[in-house]
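Peer 1: Line by line, the protein sequences are chains F and H.
All residue numbers for the first sequence refer to the numbering used here, where the first residue is -3 and numbers rise by one.
All residue numbers for the second sequence refer to the numbering used here, where the first residue is 14 and numbers rise by one.
Quick caveat, the hints were computed from the structure, so don't treat them as lab data.
Remember, predicted model here, so these are calculated numbers, not experimental data.
Beta carbons: idealized from backbone N, C-alpha and C, even for Gly.
Among these hints, one or two may not hold up.
Coverage of chain F stretches by chain H, computed from C-beta distances (three or more under 8 Å per stretch; other residues unrestricted) [said to hold, decoys possible]:
1. 21 to 34
2. 49 to 60
3. 68 to 77
With the Cβ distance kept under 10 Å, some of the chain F side facing chain H (calculated, not the full set) [what the hints assert, rightly or not]:
4. -2
5. 1
6. 46
7. 82
8. 87
9. 89
10. 95
Spelled out, the chains give:
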Amino acid sequence: MTMDLLVHFINDNITMIYILVFIIFLGTEVISNVPTVLHTPLMSGANAISGVVIIGAVLLIRQADANDYTILVLGFFGIMLAMINVAGGFAVTNRMLEMFRKKKK
Amino acid sequence: MEGTITNFIYLICISLFIIGLKKLSHPDSARSGNLLAAAGMIGALLVTLITPLPDGDNNYGVIAGGILIGTVIGLVAAKRIKMTAMPEMVSLFNGLGGACAMLLAIVEFYNHPEGESLFSGQVATTFFALFIGSISFTGSLVAYGKLDGFLRDSLVPPAPKVVNVLLLIVIISLCVYTMTLPGLSFTYVLIVLVLSLIYGITFVTPIGGGDMPVVISLLNSFTGLGAALAGLIYGNQVMLVGGVLVGASGTILTILMCQAMNRSLMNVIIGGFSAAGGGVAQSGDQVAKEATFVDTAIMLKYAQKVIVVPGYGMAVAQAQHTVHDLEKAVEDEGVSFRYAIHPVAGRMPGHMNVLLAEADVPYPKLLDLDDANKEFPSTDVVLVIGANDVVNPAAKTDTSSPIYGMPILDVELAKNVIVLKRSMSPGYAGIQNQLFFGERTRMLFGDAKSSLSKLIEELNNV
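Given these sequences and hints, build the entire structure.
Peer 2: Structure follows, in structure tokens:
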């Protein structure tokens, strides 16, 4: 039964699984050779990108019934919290990177 | 048709994330990388908002409210926070992203159609998202608390290793058990939720405050994983790819951060347990932080003002010509580069002036003690080349020190201090130098001349 479940899940999501594997390789490749001084800004930028989970919250609320308050309330908090992560994350990264602003020569 | 357009725009947004991350790992392009990733996020959000959906009431008012409030809070927090408090801010933001993944998973269970089998990949994925999102949420809050200082390292639950393993086993069994039941038991879901939230706390609490940046990076990749799982549940590519991207790069970054501290990831996580028990010997000793040549070169390139403090070490290594070469290379980047000469630097008065004059360093670039001390607070990088006693703060603070009362160069006031030195051995006066253990100090070990040549080389590379 468990095997069946696994086979089913893989068959249903085969494209997603392909994407997943490739992105794992890409994700590790893309940031190798990063100098130590950029560790914190890179972490912060990646953190802002992980706020992409907000898309799920938006889809959730859009699909919900206007009278389903449980979903609306939970979804509202989901959007708000993820949006703090996104907006704050990119803004804070930008501030950290001020020191790398190009100088006029 | 609309579906195709949506997917196409998602693809562009995903590419923006990838290019953004790539650019974020180089100092010259980091700022634009961050902006590109932000543009990708705005694009993905807009498309998600306007794509027609088969059913639902859209509820745009609720969405607009959430986005507006979240944006304002996020931007204000990012603006107000002090530069020194950046890591805890990132941690806090990360926890909120994890909380969103957690909420999505809860709603997914709430929406689970009655009568449909629970034994499916979908439900397993949702449980995983619930677990990961919750850990990321409470774990990040604990990391925030530790960095902010209101959670002390001494607050450790008894036998954290045993507790964590037990919790993990209970959580997994409960998830599996719930999936085998004929109908959904929301009570069990809530128990899994609460246990996962607790696990996040017990996972991070035993790890020492000094290792928090590594933990934050790890939790960041957890949030990415949470977003990816939510993407799997919703069949949404931009969430899946964005999440996995952060998960993978976050993991690598975590490992790189550990390597920079000469530790392994296991050592950081497990090491926390022993440190909590009785790591007095470790915490009592001071550890000087080491710099790499790349980092120092980047620091020099992006500085406004650099001051070199030469000492006997430069004379021994005959490095004055190399210093002058470095001066030219750094000045080519538009940086002010000068020398602070302590009256007794070297082995005789005027020793440094003679050496630097021999290397054709222009005389106006040499600052005397008083002028240099006025400059240090506004200096970005101080390079201490083989000087020791003349920059030892003990002369000001430690009455028992043999050099107490001697005027020194106040390099510790500069934003960054790089000390080029062959080893940690004390200077001529035979006393240890507190400067080397300072918050803003990094050590660059090696012979002054070869270290400087490597710096020039790296400066040309970055």
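Peer 1: Take the hints in turn and mark each one as holding or not.
Peer 2: Here's how the hints hold up against the structure:
1. Here's how the stretch 21 to 34 of chain F fares: 13 of its residues keep a CB closer than 8 Å to some CB of chain H, so the rule of at least three is met and the hint holds.
2. For the stretch 49 to 60 of chain F, the assignment as covered by chain H holds, since 12 residues bring a beta-carbon within under 8 Å of that chain's beta-carbons and 3 suffice.
3. Counting residues of the stretch 68 to 77 of chain F whose C-beta sits closer than 8 Å to any C-beta of chain H gives 9, which meets the bar of three, so the coverage hint holds.
4. The beta carbon of residue -2 of chain F is positioned within 10 Å of a beta carbon in chain H (closest approach about 9 Å), and the interface hint is therefore held.
5. Checking residue 1 of chain F against chain H by beta carbon gives a least distance of about 6 Å; that is within 10 Å, so the hint holds.
6. About 4 Å separates the beta-carbon of residue 46 of chain F from the nearest beta-carbon of chain H, less than 10 Å, and the hint is met.
7. The beta carbon of residue 82 of chain F is positioned within 10 Å of a beta carbon in chain H (closest approach about 6 Å), and the interface hint is therefore held.
8. The criterion of a C-beta within 10 Å of any C-beta in chain H is met by residue 87 of chain F, whose closest approach is roughly 4 Å, and the hint holds.
9. At its closest, the beta carbon of residue 89 of chain F sits 5 Å from a beta carbon of chain H; the interface hint therefore holds under the 10 Å criterion.
10. Because the smallest distance between the Cβ of residue 95 of chain F and any Cβ of chain H comes to about 6 Å, under 10 Å, the interface hint for this residue holds.
The structure fails none of the hints (numbered hints given earlier).
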